[in-house]
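Student: Using the hints, position chains B and C against chain A.
Spelled out, the chains give:
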Amino acid sequence: MDNLLYWAGLSAVAVNALTGVLDAGRKRMDLIGVMMVGSATALGGGTVRDVLLGRPVFWISDQVYLIVALATTLVVFFVVRGLRLPPRLFLIPDALGLALFTVVGTQIALAWQAPWLVATLLGVITGVVGGVLRDVLCNEVPLIFVRGELYATAAWAGALALVALQALGVSPVVAAWAGMTIVLGVRLAAMAFRLTLPTYSERQ
Amino acid sequence: MDNLLYWAGLSAVAVNALTGVLDAGRKRMDLIGVMMVGSATALGGGTVRDVLLGRPVFWISDQVYLIVALATTLVVFFVVRGLRLPPRLFLIPDALGLALFTVVGTQIALAWQAPWLVATLLGVITGVVGGVLRDVLCNEVPLIFVRGELYATAAWAGALALVALQALGVSPVVAAWAGMTIVLGVRLAAMAFRLTLPTYSERQ
Amino acid sequence: MDNLLYWAGLSAVAVNALTGVLDAGRKRMDLIGVMMVGSATALGGGTVRDVLLGRPVFWISDQVYLIVALATTLVVFFVVRGLRLPPRLFLIPDALGLALFTVVGTQIALAWQAPWLVATLLGVITGVVGGVLRDVLCNEVPLIFVRGELYATAAWAGALALVALQALGVSPVVAAWAGMTIVLGVRLAAMAFRLTLPTYSERQ
Numbered sequence: 001m002d003n004l005l006y007w008a009g010l011s012a013v014a015v016n017a018l019t020g021v022l023d024a025g026r027k028r029m030d031l032i033g034v035m036m037v038g039s040a041t042a043l044g045g046g047t048v049r050d051v052l053l054g055r056p057v058f059w060i061s062d063q064v065y066l067i068v069a070l071a072t073t074l075v076v077f078f079v080v081r082g083l084r085l086p087p088r089l090f091l092i093p094d095a096l097g098l099a100l101f102t103v104v105g106t107q108i109a110l111a112w113q114a115p116w117l118v119a120t121l122l123g124v125i126t127g128v129v130g131g132v133l134r135d136v137l138c139n140e141v142p143l144i145f146v147r148g149e150l151y152a153t154a155a156w157a158g159a160l161a162l163v164a165l166q167a168l169g170v171s172p173v174v175a176a177w178a179g180m181t182i183v184l185g186v187r188l189a190a191m192a193f194r195l196t197l198p199t200y201s202e203r204q
Numbered sequence: 001m002d003n004l005l006y007w008a009g010l011s012a013v014a015v016n017a018l019t020g021v022l023d024a025g026r027k028r029m030d031l032i033g034v035m036m037v038g039s040a041t042a043l044g045g046g047t048v049r050d051v052l053l054g055r056p057v058f059w060i061s062d063q064v065y066l067i068v069a070l071a072t073t074l075v076v077f078f079v080v081r082g083l084r085l086p087p088r089l090f091l092i093p094d095a096l097g098l099a100l101f102t103v104v105g106t107q108i109a110l111a112w113q114a115p116w117l118v119a120t121l122l123g124v125i126t127g128v129v130g131g132v133l134r135d136v137l138c139n140e141v142p143l144i145f146v147r148g149e150l151y152a153t154a155a156w157a158g159a160l161a162l163v164a165l166q167a168l169g170v171s172p173v174v175a176a177w178a179g180m181t182i183v184l185g186v187r188l189a190a191m192a193f194r195l196t197l198p199t200y201s202e203r204q
Numbered sequence: 001m002d003n004l005l006y007w008a009g010l011s012a013v014a015v016n017a018l019t020g021v022l023d024a025g026r027k028r029m030d031l032i033g034v035m036m037v038g039s040a041t042a043l044g045g046g047t048v049r050d051v052l053l054g055r056p057v058f059w060i061s062d063q064v065y066l067i068v069a070l071a072t073t074l075v076v077f078f079v080v081r082g083l084r085l086p087p088r089l090f091l092i093p094d095a096l097g098l099a100l101f102t103v104v105g106t107q108i109a110l111a112w113q114a115p116w117l118v119a120t121l122l123g124v125i126t127g128v129v130g131g132v133l134r135d136v137l138c139n140e141v142p143l144i145f146v147r148g149e150l151y152a153t154a155a156w157a158g159a160l161a162l163v164a165l166q167a168l169g170v171s172p173v174v175a176a177w178a179g180m181t182i183v184l185g186v187r188l189a190a191m192a193f194r195l196t197l198p199t200y201s202e203r204q
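Line by line, the protein sequences give chains A, B and C. Quick note, the first sequence lines up with residues 1 to 204 if you use the working numbering. Quick note, the second sequence lines up with residues 1 to 204 if you use the working numbering. Quick note, the third sequence lines up with residues 1 to 204 if you use the working numbering.
No lab work stands behind these hints: they were computed from the structure. All C-beta atoms in this analysis are idealised placements derived from N, C-alpha and C, irrespective of residue type, glycine included. Please note that a few of the clues may not be correct.
[What the hints assert, rightly or not] If the Cβ cut is set under 10 Å, some of the chain B residues that face chain C in the computed set are:
hint, residue
1, 51
2, 52
3, 53
4, 114
5, 116
6, 118
7, 196
8, 198
Next up, chain A with everything else stripped away, as it sits in the complex (with noise of 0.2 Å):
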């Protein structure tokens, strides 16, 4: 378990880093800028996960992290650079990260001993905090405040199936990838089919 959640950690990182470098592609930016872009997509919801729980933070004492999470973004950076990529590309690896981060963000808030209400909210932080630094970052509206996506939606409802699916005694490594599924499926059928929730709206 402890393996597989390592693995999809690294895997996490590397594809919201990859992720965070094409979004800053549009951008212009430099080097540097895709750089941190890149590393502070792949590492920030982790990192305020570790700091609401009072944990280490998992870059911090592993150097492993940081180094994927740069690695990636110089490859894409010179692979990438001068093609001609079609504008929503990215949205696929942006739906496997969400995945992959909440799912691991939930099961090690509940190995470290968090409620589990709060447990599945520390997995959609995990999950979605990345991807709204990308956004600020690079200036653009965050694709988690883009109605009719469902994209905390579906980070949410992976995880509440995880945390039921333990709670009724499913191995955490049959839950984890339960919780992984519901997320992707959820997030790309409201891609694909422009899902919706509910709006508030006063009346004009």
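Tutor: Showing chains B and C alone in chain A's frame:
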């Protein structure tokens, strides 16, 4: 005293969640967006205070705060939805939340052995950060930066009075009520009479 | 060495508070607004470093930093108020604050057993976060994202040099001076000669 702080804290969470929902309601967010803005408004100030103090974050160890915040946003969402509210209505609960949080934050910082000047600043941070988050997430100019409304000033005056009274031997409970009254009084007077502080301006 | 770090830290706080006030002054904020922007600029970088390291936040345990920050903003507010200053004047103290904070931050992270690459990044964070906060609060594009001015690049070059020199056996004090000189030199040269890094751009 601990009891008073606990209930004042819960009330402040509910009141701030309410202002978050009222504000988000003007932006046509969906249900999850409103819940996120409401919770961030309710829990943001105390979270920053606890992280700065190196104290366990209050809503992580005690799930009740998170439940109160989420339940308030849900109730307000379904009750207020479709009503037409006067745009400045939420300024009253906002002032109340500012007063409650400032006093609770200052007392907690003093109990955690922060030096007195630091404690007043942590009180101000507890009071204002939630509202700043709300305004940033709703893409408005933070109230705190609107000149002529003595927002942070009201909070700081109350926190300084609280610390001064306790240093003079007044009981913490009386000092808390006095501090709250001062925050509310300065803030409401500033709104009513458009009081201002001296402004910095370079000669043009 | 500890003594040098302490005084370098206090100087950096004062210098950064100065740049915060100069910047806020162009926005017609009131006295409290200016004090908040000045303090956030002065204390923001070190705060993020300490929270990430899980170290007690420097200005919470030692009130002197906060007093220096607030006193500097007050003095600058009343001295500079009404003067007409050249708009780019504050770039020099800004570069000095960047150099001081980067070196202090890197040394503190090394002393706290952070891995070397993490330590250089924490040095950059200590150096740049205050200025980013200042620019965001004053509603300007952060200097760090202005292309062609090698802002974070200068800080990172200095931090890497410092770590490399110490690994080669150079004394921490000499390494600190060398690091500071490199940050200042790169930053001032970049401003004078408009040096740039390669830019990422998709083919349009």
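Student: Can you verify the interface hint for residue 52 of chain B: is its Cβ closer than 10 Å to any Cβ in chain C?
Tutor: The hint holds - residue 52 of chain B has a Cβ within 10 Å of chain C, the shortest such distance being about 5 Å.
Student: Would the hint on residue 196 of chain B stand, with a C-beta cut-off of 10 Å toward chain C?
Tutor: For residue 196 of chain B, the interface hint holds, since the closest Cβ of chain C sits about 7 Å away, which is under 10 Å.
Student: Answer holds if the nearest beta-carbon of chain C is closer than 10 Å to that of residue 198 of chain B; otherwise answer violated.
Tutor: 6 Å, holds
Student: Can the hint on residue 51 of chain B be confirmed by a CB-to-CB distance to chain C that is less than 10 Å?
Tutor: This hint holds: residue 51 of chain B lies near chain C, its Cβ roughly 6 Å from the closest one there, short of 10 Å.
Student: Holds or violated: is there a CB of chain C closer than 10 Å to the CB of residue 118 of chain B?
Tutor: 6 Å, holds
Student: Given residue 53 of chain B was flagged as interface, is its beta-carbon under 10 Å from a beta-carbon of chain C?
Tutor: 7 Å, holds
Student: Grab the minimum C-beta distance from residue 114 of chain B to chain C and call the hint holds if it beats 10 Å, violated otherwise.
Tutor: Holds, because the Cβ-Cβ distance from residue 114 of chain B to chain C comes to roughly 6 Å (cut-off 10 Å).
Student: Regarding the hint that residue 116 of chain B lies at the interface with chain C, is the smallest CB-CB distance below 10 Å?
Tutor: 8 Å, holds
Every hint, counting from the list given before, is met by this structure.
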